[in-house]
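Trainee: The chain contents come next:
2 protein chains.
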Amino acid sequence: MAEFQKPRGTRDFAPEEMARRRFVEANMRRTAELFGFGEVMTPTFESTELFVARSGEGIIDELYAFEDKGSRKISLRPELTASVMRFYVNEMQNLPKPVKIFYFGNCFRYERPQAGRYREFWQFGAELIGAPSIESDAEVIALALATLKNLGLKDVVVRIGHLSILNKFIRDLKISDNAEKEARRLIDKRNFEDLRSMLDGANANDEAIARLIELVSLDGDEAIRRAKEEAGNNEGFGYLANLLERLRAYGFDNCQLDFGVARGLDYYTGMVFEIDAPSLGAEKQVCGGGAYTLADLFGGQEVNSTGYAFGFDRIMLALEKSGVTVPSQNLSVYILPIGDEAKITAIQILSELRNAGISADMDLMGRNMSKAMKYANSIGVTKTILIGDNELAENSVTVRDMRSGVQEKYPISDILRAFFKNIP
Amino acid sequence: MAEFQKPRGTRDFAPEEMARRRFVEANMRRTAELFGFGEVMTPTFESTELFVARSGEGIIDELYAFEDKGSRKISLRPELTASVMRFYVNEMQNLPKPVKIFYFGNCFRYERPQAGRYREFWQFGAELIGAPSIESDAEVIALALATLKNLGLKDVVVRIGHLSILNKFIRDLKISDNAEKEARRLIDKRNFEDLRSMLDGANANDEAIARLIELVSLDGDEAIRRAKEEAGNNEGFGYLANLLERLRAYGFDNCQLDFGVARGLDYYTGMVFEIDAPSLGAEKQVCGGGAYTLADLFGGQEVNSTGYAFGFDRIMLALEKSGVTVPSQNLSVYILPIGDEAKITAIQILSELRNAGISADMDLMGRNMSKAMKYANSIGVTKTILIGDNELAENSVTVRDMRSGVQEKYPISDILRAFFKNIP
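Protein chains in written order, with numbering that gives the first Met the number 0: chain D, 0 to 423; chain H, 0 to 423.
Bound conformation, chain D alone:
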C-alpha cells in the first residue's frame, strides 16, 4: 500500500520542534498571566457569517467552509478575534470591566501555499475590553512588548500610529472611496512611489499629496517630534505623545511612531500598531493590533477594545534567526539491564527516578553494552545506570556519568543519592 501524505500546505512537528514551540507558548502564557490576562478558548469552527461580519465578503474565498448536519454554513477560523469577541458578547458583557483575555490557537487559510505561509498556522493574541482607551492601549502594547522581551527576542521595533491622523490626511486628498482604499494599501506597503502616481492619476490635491507623503515618511525621532509639536492642534497627535509617556513608565522607552500604519480593517478606530522582527527580512511583521469596536458589530453593546495577535510561527522563526535557545528537553537517565533477571530491578529503579521527577528510560530492545552506550550518547543522556549480574549479586548498580566517563557504584536502596547529593 502506498504511504499517505499530510495535506498540502500543512506541517508535522517532531518532538524537538514541538518542545521548542511548547516552551515558547508557556513563556507567552506566563507573561499574559503576570499582566492579569486570562486565557479563553473557542471552537475551531464558527458560523461563516461571523467571519464575514468581521472581515467582509472577500474573506469567503480564503475559508475552509462546509455545512453542519443542520445545513448551517460553518468555517474553520481564519483568525481568532472574531471568535473571542463573539464569546465576549455571548457571555462576558456583564462582567466587571475591564475584561482582559488572551488566546492561543490554530487558524486556517485556504490559499495556495507559499514559502513561509501555511494553511494551518498559529496565533497568540490578547484583547482588553471595556477600559478607557489610553489605559487600554498602553497596557496592551506593554503586554505585547513584555511578551517578546521575556522570550529573549531583542531588537524588535514597535511602530504606533493613529487612524484619526491618517484618515484626516487622506480625506484632504478629496478622492473616491475606492481610491482611498488603494491609497491605504500602498501606504501599508510603504510603496510611496506608486502612491504618488496613483494619487496624481486620481486628481488628488497636489498639496494634500505632498503633506500625506511627508507625514507617512517621517522616521524615528522626526515622527515623535511632530507628534509633540502638533499635540495641541490635533487630538491624534496629542494622544500618541501621551501614550509614549505611559509606555516609558512601563519601561519601554524606544517605541516608534509611524503615521502610515493603516491595518486595513474597517473596525479599527484609533491607535494601531505593528511589531517587526528585522531578523526576518521582508516578512518581518510578527504582531499587529490596535483599538477597535467589534462587539457592536456582533450584536453586543459598543465598548472600547484594544487587541493584537502574534503570528506564532513567525515568532518561532525570529527566535531561531536571533539564536535564542530554549532549555534542553533531553532525557536525564538511561538504564541498561543486562540479562533477564535485571529487567525487573531496572523497572523498579526506573519508577523510583521518575517518581522523584527525573526523566528516565530503560533499554527495551535487549541492546548489548556497546550498542546501548552508543544509543545513550546519541540521545544525550546525562547518566547511564548499568545493572548486570555482579551488580545484582551486591544489590548495587553502576552509575556512569556520560560526560566525564566516571563510573561509581551505588546501593540500589540509595540510588537517588547519585542524583541528589545532599540527601541526609
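It cannot be assumed that every hint is accurate.
No distinction is drawn between identical chains; accordingly, a pair holds when it is met within one copy or between any pair of copies.
[To be verified] Capping the alpha-carbon separation at 20 Å, the derived lysine to aspartate or glutamate pairs in EDC-like fashion look like this:
id	residue 1	residue 2
1	Lys5	Asp295
2	Lys320	Glu16
3	Lys72	Glu61
4	Lys68	Glu110
5	Lys5	Asp67
6	Lys96	Glu15
7	Lys370	Asp339
8	Lys72	Asp60
9	Lys5	Glu66
10	Lys72	Asp11
11	Lys68	Glu119
12	Lys283	Asp339
None of these hints come from the bench; they were simulated from the model.
Place chain H on chain D using the hints.
Mentor: Just chain H now, kept in the frame of chain D:
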C-alpha cells in the same frame, strides 16, 4: 444586529476553566516527558482515506469532510492515532527504536450532540513503536497509570485483556463473521444476557457459549487466578501473568484482568486495556488502548506498537467529581492610583512587580477607593497597593493585605520588600 452563537455541539472555555485545563495538560505532558516520550503534532485535517484505512467505511458518516483547492477529499481528524502513525511512516521509520511519542489535540465527531458528547473534544495519547511487545505493553500501561496518579486521580481501575484469548473463545462458538462482530459488541458492553440469547439464536455450541460467558464474567482475583492457572497452556494467559509482574515492579500492584475487553477495531493484535474512573458513573471509561500493527496498513513496515488515548474532557470531569483541585490562578496584586498624577507611578510599580514574576494589575477604570476595594476582593487578590497624594508626597505607597486587612507603608524604591521579606 442579532448575536452570533457558537456552533451546535461545541464549547467556549472561560478563563477559570481554561486555567484548569492547561494545568492538567501541563501535568500530563510532564509525566510523559519523565517517561522519555516526546510530543508530536500533526495537522488538524488529513486525507479522508487515512481515517477510512484505520477505522473502515463506517467512519465517513461521522467525519467533518470537505475538499481542498486541488479537489482532494480531506476531513477533520476524529482521533489522532491515524495521523501520528502516518507521520511515523513518513518520517520516523528510520529512527533508532523504540520511538516513544505522545500527543495532545482536538478531534471532531460529526454526530448529533448528546449530554457529555461534543463535536469538538480533546485527546491526550501516547504510542510506543518498535520494541518487543511485553516491554512496550508494560511501559505504556505504566505511563497511563502514572499520568492519572500524578494528576491526583485515585481509585481508577485498569482492566487488561488479551485478544488472542478472547478470539480463541469466540472462534470456538463456530458462528458467522457478522455474529462474531455482534458478540464482541455485546461483550464490550458487558451485556451478557443479550449475548447469550444472540448466541443461542446463532446456533453457537452450547458448551462454548457457557465457557465464553464464564470467561468474560471473571472478576478481580478470579481472573488473575485463571491467568496463572492457564499460563502454561495458553500463550495469552501466560503473557498477562508476566505483564502483571512487570506492572508490580512499576509500582502498580492492583491492576485487574478482564478477558472481555474487546476494543472493536481490527488492528488491535494482542494486549488491550481500558481505564475507568468510577466517579463518572455510566460513562466511566477515560482511557482505551492496546497493542496494534498499523504502520503497515499505512504503507510502512510492520512494527510492534502499543498506544492509548485519554479522553481529556472526561479526565477533567473525573477530576472535578473527585474533588481534585488545581492551584489558583488568581492575580496577586491590584494597584489603585488615586488621581491622575499617581497613574504614571502606578505603571512603574506595576512593571517592577511583573518583572519580578508577581502577577499584578492596576485600576484602569478610575474607580474610587470603596469600589476598587470591592473589586479587588471579588477577584481574590492577595495584596492591594494604594497610591494617593499623601503617599506620592512621601515617595511611598500603602500595601494592604487583603486577608488580614493590615496596611503598611513602603518606600516606592523598596516595594519588592513587601513581597520578598528576605531581600538583603
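Trainee: Hint by hint, say whether it matches the structure.
Mentor: Checked hints:
1. In this assembly of identical chains, the alpha carbons of lysine 5 and aspartate 295 lie at most 20 Å apart only when taken from different copies (17 Å versus 40 Å within one copy).
2. Taking CA atoms no more than 20 Å apart as the test, lysine 320 paired with glutamate 16 passes inside one copy only; the shortest distance there is 14 Å, against 36 Å between copies.
3. In this homomeric assembly, lysine 72 and glutamate 61 come within 20 Å of each other (Cα to Cα) both inside a single copy, at 15 Å, and across copies, at 17 Å.
4. When the C-alpha separation of lysine 68 and glutamate 110 is checked against a cutoff of 20 Å, the pair qualifies only between copies, where the shortest distance is 8 Å, while the shortest distance within a copy is 26 Å.
5. In this assembly of identical chains, the alpha carbons of lysine 5 and aspartate 67 lie at most 20 Å apart only when taken from different copies (12 Å versus 24 Å within one copy).
6. Only between protomers do lysine 96 and glutamate 15 lie at most 20 Å apart by alpha-carbon distance; the minimum there is 17 Å, versus 41 Å within a single protomer.
7. Taking the shortest alpha-carbon separations for lysine 370 and aspartate 339, only the intra-copy value of 17 Å comes in at or below 20 Å, while the best inter-copy value is 70 Å.
8. In this assembly of identical chains, lysine 72 and aspartate 60 lie within 20 Å of each other by CA distance both inside one copy and across copies; the values are 14 Å within and 18 Å between.
9. In this assembly of identical chains, lysine 5 and glutamate 66 lie within 20 Å of each other by CA distance solely across copies; the values are 14 Å between and 23 Å within a copy.
10. In this assembly of identical chains, lysine 72 and aspartate 11 lie within 20 Å of each other by CA distance solely across copies; the values are 19 Å between and 29 Å within a copy.
11. Taking the closest pair of Cα atoms, lysine 68 and glutamate 119 come within 20 Å of each other only across two copies (14 Å); inside a single copy the shortest separation is 24 Å, beyond that limit.
12. Taking identical chains as interchangeable, the C-alpha atoms of lysine 283 and aspartate 339 are never at most 20 Å apart, the minima being 57 Å within one chain and 37 Å between chains.
The structure fails to meet hint 12 from the earlier list, while all remaining hints are met.
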